[in-house]
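Visitor: What follows is the residue order along each chain.
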Amino acid sequence: MFELLGIPPQALFGQLLLGLINGSFYAILSLGLAVIFGLLNIINFTHGAQYMMGAFIAWMLLNWAGVGYWPALLLAPIIAGISGVIIERTLLKRLYHLDHLYGLLLTFGLALIIQGLFRNQFGSSGLPYQIPAELRGGQNLGFMFLPNYRAWVVVASLVVCLATWFVIEKTRLGAYLRAATENPTLTQAFGINVPLLITLTYGFGVGLAAFAGVLAAPIYSVNPNMGADLIIVVFAVVVIGGMGSILGAIVTGFGLGLIEGLTKVFYPEASATVIFIIMAIVLLVKPAGLFGRAA
Amino acid sequence: MAEISIAAPPASPTEAADHAALHRTLFIALAALLVVLPFIPVIGYPFFLMKVLCFALFACAFNLMLGYGGLLSFGHAAYFGFASYVSAYTAKHWGLTPEASILLGTASGAILGLAFGSLAIRRQGIYFAMITLALAQMVYFFSLQTPRFTGGEDGIQAVPRNALLGVLPLSNDTVTYYLVAAIFMAGILLIYRIIHSPFGQVLKAIRDNEARAVSLGYRVNQYKLAVFVLSASLAGLAGATKAVAVQLASLTDVHWSMSGEVVLMTLVGGMGTVFGPIVGAAVIISMQNFLAGLGAWVTIVQGVIFVICVLVFREGIVGVIGKWLKKPL
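Chains as they are written, first to last, in my numbering: chain A, 1 to 295; chain B, 1 to 329.
You may find that some hints are simply not true.
Unchecked claim - Using 30 Å as the maximum straight-line C-alpha spacing, the simulated DSS-like pairs for lysine-lysine come out as follows:
hint	chain 1	residue 1	chain 2	residue 2
1	B	K92	B	K51
2	B	K204	A	K286
3	B	K204	B	K92
4	B	K204	B	K327
5	B	K204	A	K93
6	B	K323	B	K204
7	B	K92	A	K93
8	A	K170	A	K93
Unchecked claim - Restraint-style ranges between C-beta atoms, simulated for each label pair:
hint	chain 1	residue 1	chain 2	residue 2	range
9	A	L247	B	Q124	19 to 27 Å
10	A	N120	B	A31	37 to 45 Å
11	A	Y220	B	L168	16 to 24 Å
12	B	N289	A	N120	37 to 45 Å
13	A	G66	B	H93	29 to 37 Å
14	B	R148	A	L173	55 to 63 Å
To be verified - Output of the computed footprint for chain B on chain A, the stretches with three or more beta carbons under 8 Å from beta carbons of chain B:
hint	region
15	20 to 27
16	175 to 181
17	198 to 207
To be clear, the hints were calculated from the coordinates, so they are not data collected in a lab. Built from N, CA and C at the ideal position, the CB exists for glycine as well.
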């Protein structure tokens, strides 16, 4: 076996794969944040809690209703999305005329409530969720062992991200969405129901977060705190990438995941902070973010 | 930033003097209250009072930035918590006297504020909040990973209360309480002075209309950085004092939930008011004491208060009282 800078390739590729998986979650979550921010002008602090909700809904569907992984992959985002629609209709829409910061504060409060409720109900030790039977085991690629489920997570995230990009950039619905992001009043004057579009966008963003949560459930244990620290990293990802571009969010998410994985191999102590350090460097060199436009 | 301010109409010179007289009376009343508080039964526990005062100073420091500079920092726990570690560490392992360790803690808050502030002011609004939060999370991970300095999960416990200036022993909670009360009063008087200085006027101008302040020739970023450093230093002063008073520095103090708590205190009391954060801190700390046995419910109650405040109570307790009296408090 060859060695790279004293690192066995098994470890290197294993960590890179793990980084790619984290990167998938960063990409899906920052994509959702960017889509929501584009139309609602609100940074959705509840995003981490909604990611956690996705994992818990999948767990509840399995343990309380006997519904397995594959239906949950569709059902959990829908259920979470509906809860998002309710939040938007009852709470968020009262804030659109106020400063952006109130949206951040409100969604922060919501995140505290949701995390607290789940912690009360399920404790904070974490619950196991089995990998679905079809995806157990793995492939031996010669230089590393590739667990099937992990490969699936990366592929599924890529497909969902690219599908979102396609819908927003290439379809009529996406054109409405982009128009409403650019100028909601004018878009409404053309007869497009912008409030409905806003509600659906928030529901969709929440659904994306929940989808990531279901994907994560078999890898990490299902835990009420699983989204709390993740959302802060995703904020850093969003600052690095800038929220102006869909593809930018996807590329930044996956890229930073990979860098984090590499750091785990070469300098594990810094792996928790490397993304924040990159954020600081990007702020020094290109304050608007890698894909951002100057405000 | 227009809507975040609780804008007082420009006061005429006589009104301004009127307000200054009212504030002076309130400060004297507050000082008198601080002197007698330990003798009042039921709430007069020096330990509880010290905690409230430290958090009140923390919230006032935070409010200096949010209420008067229009800058929402979501990472103020970093300065508070890091300073509390520095103060606890130097008191325990170097045997420094309280005033020295508190000064060192405050200085560490200032340095951290200078470093993070110069990064964060490169972006505005919502990005500013996210950047401060992310940078603070870095301090949290640093604290988690350096148990030799921070004591890791255990924190730095049993911080000694060495003799003040090497002569006055902080032998019991009541003596320490008066030290904390003095630091608190000095802190909020300094903040009051900053708000009403020409520097403070420029800050408010930037808060209300940044583009206009730029066009008037003010170097906006220098003002923002200055208020960031001042706010971080005062948050550091609060944290460093807390470590001596409560004799503990722990990971809780640097965690993002602490950053959220200080936002909540300011919001409940009234952002952009002089006395609001003090009231807010007293309310939130009392509530935590009251609900301490209920575990995760404390988080839920805090979340509910957040939501209610943002939806229907944006002016906060003191903001509403000020509106009744038609005077800025």
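Visitor: Hint says 55 to 63 Å; check whether the CB-CB distance for B/R148 and A/L173 agrees.
Guide: Between B/R148 and A/L173, where Cβ atoms are some 56 Å apart, the hint holds.
Visitor: Does the structure keep B/K204 and B/K327 at a Cα separation of 30 Å or less?
Guide: holds, 17 Å
Visitor: For the pair we were handed, B/K204 and A/K93, check the Cα-Cα distance against 30 Å.
Guide: The hint holds at about 29 Å.
Visitor: With a cut-off of 30 Å on the C-alpha distance, tell me whether B/K204 and A/K286 pass.
Guide: holds, 28 Å
Visitor: Are there at least three residues in the region 175 to 181 of chain A whose beta carbon sits under 8 Å from a beta carbon of chain B?
Guide: Violated - the region 175 to 181 of chain A has 0 residues with a Cβ nearer than 8 Å to chain B, which falls short of three.
Visitor: Could you tell me whether the CB distance from A/Y220 to B/L168 stays inside 16 to 24 Å?
Guide: violated, 53 Å
Visitor: Taking the Cβ atom of B/N289 and the Cβ atom of A/N120, is their distance within the range 37 to 45 Å?
Guide: Hint violated: Cβ distance 20 Å, outside 37 to 45 Å.
Visitor: State, for the Cβ atoms of A/L247 and B/Q124, whether the hinted interval 19 to 27 Å holds or is violated.
Guide: holds, 24 Å
Visitor: Between the alpha carbons of B/K323 and B/K204, is the straight-line distance 30 Å or under?
Guide: Distance ~19 Å between B/K323 and B/K204 Cα, so the pair holds.
Visitor: Take the C-beta atom of A/N120 and the C-beta atom of B/A31, compute their distance, and say whether it sits inside 37 to 45 Å.
Guide: Between A/N120 and B/A31, where Cβ atoms are some 42 Å apart, the hint holds.
Visitor: Can you confirm whether the C-alpha distance between B/K204 and B/K92 stays at or below 30 Å?
Guide: Given pair B/K204, B/K92 is violated - Cα atoms ~41 Å apart, limit 30 Å.
Visitor: If you look at each residue in the region 198 to 207 of chain A, do at least three have a Cβ nearer than 8 Å to any Cβ of chain B?
Guide: Answer violated; 0 residues pass the 8 Å Cβ test.
Comparing the model with each numbered hint stated earlier shows that hints 3, 7, 11, 12, 13, 15, 16 and 17 do not hold.
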